[in-house]
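Listed in order, the protein sequences are those of chains A and B.
Position 178, counted from 1, in the first sequence is what my numbering calls 178; the numbers after and before it change by one each time, with no gaps.
When you read off a place in the second sequence, starting at 1, and then add 273, the result is the number in my numbering.
Computed, partial: chain B to chain A, Cβ under 10 Å:
no.	residue
1	A292
2	Q410
3	I413
4	I543
5	V555
To give an idea of the interface, some chain A residues facing chain B are shown, with a C-beta separation under 10 Å as derived from the structure:
no.	residue
6	R106
7	M107
8	L110
9	A116
10	L117
11	P129
12	A226
13	A228
14	I232
15	P242
16	M249
17	V250
18	L253
Calculated from the structure, these hints are not laboratory results.
No residue lacks a Cβ here, since even glycine has one placed at the ideal position from N, Cα and C.
Take a look at the letters that make up each chain.
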Amino acid sequence: MSGRVQLILGGALSAVFLLAAALSLVWVPHDVAALNIADRLRPPGGAYLLGTDQFGRDMLSMLMVGARSSIAVALVAVGIGMGVGVPLGLLAAANRSGWLDEVVMRMNDLIFAFPALVIAILITAVLGPSALNAILAIGIFNIPVFARVTRGAALSLWTLDYILAARVAGKGRARISVEHILPNIASLLIVQGSIQFSLGILAEAGLSYVGLGAQPPTPSWGRMLAEAQTMIYTHPLLAVLPGLAIVLMVLGLNLMGDGLRDALDPRLRRVAR
Amino acid sequence: MLRFALSRLLSLGLSLLAASVVIFAAIEVIPGDPAAYMLGMNATPEAVAALRDELGLGGAALTRYLDWVSGMLRGDFGLSYTYRVPVADLVAQRLWVSVPLAGYALALSTLIALPVGLWAAARRGGPVDIGVMGATQLGIAVPNFWFAMLLVLVFAVKLRWFSAGGFPGWEAGVWPGFKALTLPAVALALPQAAILARVMRSALIETLGQDYIRSARAKGLSRGQAIRRHALRNALIPVLTILGLQFSFLLAGAIIIENVFFLPGLGRLIFQAITQRDLIVVESVVMLLVFAVILVTFLVDLAYAAVDPRLRRR
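Chain A with its partners taken away, still in its complex shape (with noise of 0.2 Å):
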């Protein structure tokens, strides 16, 4: 599939989600906090496009707000790996191999042994479950990949010519990290960004699915799934939709993002993942 196609279908698919994550903070067909037993485990059609669950919730509309939940979880945990990640990897390269540096590095590779799933076990052990532990803790595994990505990519950078004439010309390593370096690896940062936005969102379905995510009654598609499970013999629909709305969300993300890596930088296109 070539990059403008890629692109496009992966973008299709990403604002399909986007729209109705946006569209159930005003709207949704039907309230998904109010249970109707009367009209419980419905098939799809009529006033419920797509049945309801065993409580009598909309598909739908819990497939709308479980959206919304999962894009704020990822798209927080990509700001915490951002945020942290890329100032700490714009300093490691700047003062390369000095203590700093090796400092960074170190403090990641300790991160690094800690799977997210793990620093949410930690978090909720101590704090008890809620849906900030798993902003928390994706983030915090966000942290060294923007590190490692910038530091990287910045080293490269420092090698350069024009980062000599800078130097020369008296701009300070910080200046020169912010003003040369940082716009140099922008697209690099927006592909990684969109890598991460895509493992955020399946992280955060696995950590909500096994209880240390999102907490009842707020709709997630984890959750939905862990509902759906002991149903799944009678209604294997309730399990199945909202596993297709994480691998349709996940699928968009990632074509856009190789779709992005090709349209921004066609140096990038023969980077492996």
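We have chain A; now place chain B onto it with these hints.
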């Protein structure tokens, strides 16, 4: 090589030390008293005092940290508060489920991914390549626990080839145990295999563009011979990195998948411990998981250096 190994060993030790401090500190910052937290709201002051005593909470943080670490070094992980048995025994029991599951999944994903990646790379741009890339793109997007539920739906509910969950224990024989782990292992392995196959493909394509492959072809080797004798070994280096990185995803995945299939592994243990507020179990199991990740990273570093002598100088 020895010097390289020693320096890696030193950094392994430092990482473990740092990780243990982080975990201990995390549990330490619990608002209020850990003993009161573990016993919940309805605990009598006497019970809290007794548990404080048992946990040694009277002592300084540093003493307790040193006790915890030196205990672990001796294989003593403390006493589970809810089960009233040594944590080491609990963990040892559960490891017999989690480790075979992770190993089974790792073997499956490698066995699937490497040939598929090779196949796609050898037919680059052709229908096979496009099909494989499409399938892997989908595989990456599928959450493994949902895939597990679909497997249950098809193979346990509809076809009745496997049971939907549970584990008979190895006492019931190797085959029933193996069979009970098959669906969970497939659920874990396929999404991982998708990533690994992509890495294998791009590594091989990268290698096939090298001059030494052209030389090999020029001296009369067929494309297949050049891949087998020269490209494959070189392409395995990035594959090895990803395999190492995947281990931590596999570990996390196994913890979640165990919940789908009601397997009595480490994952079930840790979630039960969280709901029962058994901090001693949480602390020790988390340390064990982190230890496993750090150890695998160390082994991958060594494997690297063994495969590629250029990487020994760092």
